[in-house]
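K.L.:
One-letter residues, chain by chain:
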Amino acid sequence: MNRLMGSRTLIRTCLRHSRRHLLRTLLLIFGIAMGVAGVVAIDMAKTSVEKSFEMSTTALVSRATHQITGARLEIPQSVFTKLRTRLGIHRSAPVISRHVTVPELDDRIMTLMGVDPFSETHFRHLPLGTDNRDLSAVMTGSTGVFIAQSHAGRFGLDIGSPLTISLGGRNTTVTVAGILDSPDKALLQMLEGLVVTDISAAQEILDMGDHITRIDLILDRKDVAKEIQEPLPEGVFLVETDQQNHAVRGLSRSFENSLTAFSMLALFMGIFLIYNTVSFSVSRRHRLHAILRALGATRSGIFFTVMAEVMVYAVIGSILGVLLGILMGKGAVQAVIATVSEMYFTLTVGQTDIAGITLAKGLVAGILTSMVAGLFPALGAAGTRPVSLMHKSVSEHRFQKMIPGLFAAGLVILTAAALLMRTGPAQAGYDFTGLFMIFFGAALLTPLIIRVLVRTLLAAGERLLGIMLTMALRNITRSLRQTSVLMASLMVVTSVYIGIEVMTGSFRQSIVQWVDDHIGGHVHVSSADERHPALDPDLVARIRQLPGVAAVSAYNIHPVFSRAAGKVHLFSYESNQSVMRWSWTAAPETELASLLESGWIFVSEIFARQHQVEPEAGAAVILETREGPISFQIAGIFRDFFMGGGRVVMSRPTMARYWGHDDITAMQLFLASDTPAKPVMDEIQEMIPPGSLIQVRSGAEIKQSILAVFDNTFIITSALQVLTAMVALTGILNAVMALLLERTREIGILRACGTLPGQVRQLLIHECFFYGLIAGIMAIPLGAVLSWILIHVINQRAFGWTYDMVLTPGVMVQAVVLSSAAALAAGIFPALAAGRTHISEALHME
Amino acid sequence: MDVQMQKINKSFDDSGRRRTIFCSTSARFPSGSVTVIVGKSGVGKSSLLNLISGIDLPDSGQLRVGDHCISDMTDTERTLFRRRHIGFIYQFFNLIPVLTVLENVILIAELDRVSPKTYLPRAQTLLEQVGLWDRRSDFPETLSGGEQQRVAIVRALVNNPDLVLADEPTGNLDQDTGRKIMQMISSLVRDQRKTLIMVTHSPDAAAWADQMFAVADCDLAAMDGPFHEPSHG
Ligand SMILES: Nc1ncnc2c1ncn2[C@@H]1O[C@H](COP(=O)(O)OP(=O)(O)O)[C@@H](O)[C@H]1O
Ligand SMILES: [Mg+2]
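In the order they appear, the protein sequences are chains P and F.
Take 1 as the starting number for the first sequence in the numbering used here and just add one per residue.
Take 847 as the starting number for the second sequence in the numbering used here and just add one per residue.
No lab work stands behind these hints, which were simulated from the structure alone.
Keep in mind it's a predicted model, so treat the numbers as computed, not measured.
Beta carbons: idealized from backbone N, C-alpha and C, even for Gly.
Fair warning: there could be bad hints in the mix.
What the hints assert, rightly or not - Derived lysine to any residue pairs resembling SDA-like cross-links, with alpha carbons at most 20 Å apart:
| id | chain 1 | residue 1 | chain 2 | residue 2 |
| --- | --- | --- | --- | --- |
| 1 | F | K1026 | F | D1056 |
| 2 | F | K963 | P | K567 |
| 3 | F | K886 | F | K1026 |
| 4 | F | K963 | P | L465 |
| 5 | P | K567 | P | S254 |
| 6 | F | K853 | F | T922 |
| 7 | P | K401 | F | E987 |
| 8 | P | K401 | F | F985 |
Unchecked claim - If you want the ones that stay clear, here's a sample from chain P, every Cβ over 10 Å from chain F, calculated:
| id | residue |
| --- | --- |
| 9 | T81 |
| 10 | S300 |
| 11 | D536 |
| 12 | V722 |
| 13 | I749 |
Stated by the list, open to error - Quick partial rundown of chain F residues pointing at chain P, CB under 7 Å, derived from the structure:
| id | residue |
| --- | --- |
| 14 | I901 |
| 15 | D902 |
| 16 | L903 |
| 17 | T925 |
| 18 | R928 |
| 19 | F934 |
| 20 | N940 |
| 21 | L948 |
| 22 | L953 |
| 23 | V960 |
| 24 | Q1057 |
Model the full assembly from the supplied sequences, consistent with the hints where possible.
P.N.:
Okay, here's the thing in structure tokens:
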């Protein structure tokens, strides 16, 4: 009891101390909150993608254990009839499923689903009406569809309202025949992504003839699977639903993990910040602790007092952070879902999911981080000797002696980090650990580097610098124990900023290069018709003959089924102007063309990664063809930014033989240098029969739209960049304020001796400028290393593509300017305050 | 330089309560004289020096140093005045830790953009006089208390100020060193006929003084002489 009372008094004493420095305490809490908010927002985005994915797919696949599908992503309907009649598999349902856009629903992407209501009972809870009427009976006149209650309400639609279904430029008008409604909230949300109709209506809308997308099955026994596979026609096969979903879901996992990396960075800044603030406030209280110790407070008493105080801020900051994170998360969810939909798989249901575990994670992360950061200062405080004679300079002196040791330790940690990243398993967890170690190791190097840098500066220009600059520089080395933490934080933040900047810049440059290499034609002619994409051969020939056309790429693109990635795109070129950049080839580049002719294929990096292609082990991959699974030899892996599961380039005979496509679906025209694009485009437009779905677009337009997509994917990265910078700035502001506060007495002396307020301000501003300058210089190599890691480790794992790092002198200048500006900004307020120092009060301070 | 206090009032806000230090206090410290101020701790001796140097302002009343009215000046004017005409020696030496002995001494002259030709010879003479020229490149923390106080004295005198203020300059020194320091201050000041106002508890302070005041009951009370042997010159 007595003990408790004692520590309560201790804590009260310290809290009262903090109230005196209210602004700094608030900054600390704000910093913790921002770090936590980043973690919560990103985690929210991740769980939301997870949930949206589930909702976008489970409504579609439901209880099916297996699916029958085809190499060309469709199968003849007769397969279903045979399955029912010959094999007697009753728990089976034919499904048509296709992404379409609906102008009446805000141009939303929906899944148009054609089902057989009688077969459905085993699979989905589609509330198609209580009496189980045949859909087509309900739908009189034009084709009828069902839409979700919520959409009907929001967009003012009712039974009988017309609705447009748009697929690749083809519009079909249908009628709302029924409303999907359910008391089950979760189910209702899943239904939001659907437009449901019956099989034959869907075939009509999508112009599919007598084909369906797949057959859903519920099989309880493994051996049945064999029985079913046996009589299926070639190019039609049975896959496990779970496995298939898993493959598709896996596409975006690494991307989501890379976001976690960034939110961890924000939290890591938080650690620096908290450590900074706590150690400053502890050192300011050195005298208080010494007196308390002299009065009989125990070591553990002091330790727990410091920790308890940190805990108070941590809890407040973390709770605030969670709330802030929920707000920020809403924005992050939108951005991440948009990116995932554009790059990996279409999410028809966008669900913002605030999981309890996310909030818990945020709280725990904030509190744990704060505890870890507070540990060392608390231990230091507990080590205070119960005599007030011990000056701050003693701990500083001890620190100065440790500097070479810290440097050595930093080198060891950096080496260990490099080893871990080179040889460790390719997992996000290891990458983050490596990253963390790199920052930590680099931070340990800073005291020595700062000392050397400052001494060099001083030696170089002692006379030139004048007494004020000399003072500013010497102040830095005099309290290295504190200033090096400040500068290390500033260095880490600047390097993160630079790292992300270099990554984004390099990436964009590579995208531009890629666009020029692969889709660099001045005029693009392509079919928007997803069902019958072939361009009329006559039209192709006439376009080739157009005056001003110097060269042509003519080729076809066909999506096909892939077990590993759900869907991949096949390309075969009749004439090809594109430039490939290889990341691996099986033979010298000159021989690649002949390999292609003899049936080998080229695959993109993403494809190679999705299909676990290992070049060393004689690269080959099995693709589902209309003749069944066939193994293809891979001649080369090329750098590529094509989205989704990746793409494959093959010869025309290969495509024709195994997938039955020998058409041309797209053309790129390269014009003579004096030919403008517009007249050529107009001429082509005139050749196209009215009502056809052929698009004629300029290369510039296409390039812009592609770059827009990629810029979008970096919105969230930029947001995190800003967040990190904000966390860091609060920390730096805090540290600078604390540091300059310790100079109060010195400033009092200067003022008393006759230094003008302006000169005092100048001194502090100079000091801050040097903090920033030195941190900025140190950030350049660290930033370069970081961007290398972001590009070659984290980004490559996230997206599966490689690109070259572009480190410009501009970025380095930016690093120095940025950190100097940050330090100056942080110093302005304290400097102004210092100019107003009350001299006699300052002189009385100890 | 003459120092004149006329009806000076000064009080502080002491956590809500007003605490009066001086109440309608008047006094005169003649040019070229040595004044010793005594009084109990906390009575307002340092505050008196702060007022005279313009570090603090009186609540009301007039404070003149030479021809200048300190209490009517702006902050900048007071600072510049202090820089050029007043030398201040503190109890705790108050040297700048990151500057060497010489840099501490010449700091203000440099800030004032005085040519080194003017202040360097004088700094050297004074440092030699106190026996610290050899240690000019050392940092204060490597010096003993007595040595630090000697540097502080040189710093206060290097600009050749007309008025020297000393606030318990020996308070943190052992008796022997203290006595030497006192001797040094008073001889430097007397040799150059400066006005010196010194707060001290030194028992033989009276020996150095032309006049002596006690701070008590919010006022300055003159104490009776004689304070030193008549023939000090
Ligand atoms: N800037 C200030 N603000 C508030 N109170 C002050 C200030 N300066 C001095 N005091 C108070 O005025 C009184 C006299 O202080 P001081 O002149 O330092 O005394 P002395 O030097 O005689 O020991 C003390 O009670 C002190 O607390
Ligand atoms: Mg005093």
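K.L.:
All the hints need checking, so say for each whether the structure fits it.
P.N.:
Hint check results:
The hinted pair formed by K1026/F and D1056/F meets the criterion: a straight-line CA distance of about 19 Å does not exceed 20 Å. Only pairs whose Cα atoms come within 20 Å are accepted, and K963/F paired with K567/P is rejected, the gap being roughly 85 Å. Taking the CA atoms of K886/F and K1026/F, the gap is about 24 Å. The hint is violated against a cut of 20 Å. At roughly 19 Å between alpha-carbon atoms, K963/F and L465/P fall within 20 Å of each other, so this suggested pair holds.
A C-alpha spacing of about 18 Å is found between K567/P and S254/P, which places the hinted pair at or below 20 Å, so the restraint holds. Between the alpha carbons of K853/F and T922/F the distance comes to roughly 24 Å, so the proposed pair goes past 20 Å and is violated. Simply put, K401/P and E987/F have alpha-carbon atoms about 17 Å apart, close enough for the 20 Å limit, and the pair holds. Distance restraint check for K401/P and F985/F: the Cα-Cα separation of roughly 18 Å lies within the 20 Å cut-off, and the hinted pair is therefore satisfied.
Residue-level check passed: T81/P sits 92 Å from the nearest beta carbon of chain F, beyond 10 Å. With 10 Å as the threshold on Cβ separation, the claim that S300/P sits away from chain F holds: the shortest Cβ distance comes to roughly 33 Å. The beta carbon of D536/P is kept farther than 10 Å from every beta carbon of chain F, the shortest such distance being approximately 84 Å. A cut-off of 10 Å between C-beta atoms confirms that V722/P is not in contact with chain F; the least separation is 37 Å.
The claim that I749/P is not at the interface with chain F is violated, since a C-beta of that chain comes within 10 Å of its own (minimum 4 Å). At its closest, the beta carbon of I901/F sits 5 Å from a beta carbon of chain P; the interface hint therefore holds under the 7 Å criterion. A least Cβ separation of about 5 Å between D902/F and chain P falls short of the 7 Å threshold, and the interface hint therefore holds. Taking 7 Å as the C-beta contact cut-off toward chain P, the hint placing L903/F at the interface is violated, the least distance being around 10 Å.
Given the 7 Å rule on beta carbons, the hint for T925/F holds: about 5 Å separates it from the nearest Cβ of chain P. A cut of 7 Å between beta carbons decides the hint on R928/F: the least distance to chain P is about 5 Å, and the hint holds. Annotation: interface hint on F934/F holds; nearest CB of chain P at approximately 6 Å, less than 7 Å. Because the closest C-beta pair between N940/F and chain P is about 4 Å apart, less than 7 Å, the hint holds.
With 7 Å as the threshold, the beta carbon of L948/F stays out of range of chain P, its nearest partner Cβ sitting at about 11 Å, so the hint is violated. The beta carbon of L953/F comes within 6 Å of a beta carbon in chain P, closer than 7 Å, and the hint placing it at the interface holds. Because the smallest distance between the Cβ of V960/F and any Cβ of chain P comes to about 12 Å, over 7 Å, the interface hint for this residue is violated. Checking Q1057/F against chain P by beta carbon gives a least distance of about 25 Å; that is not within 7 Å, so the hint is violated.
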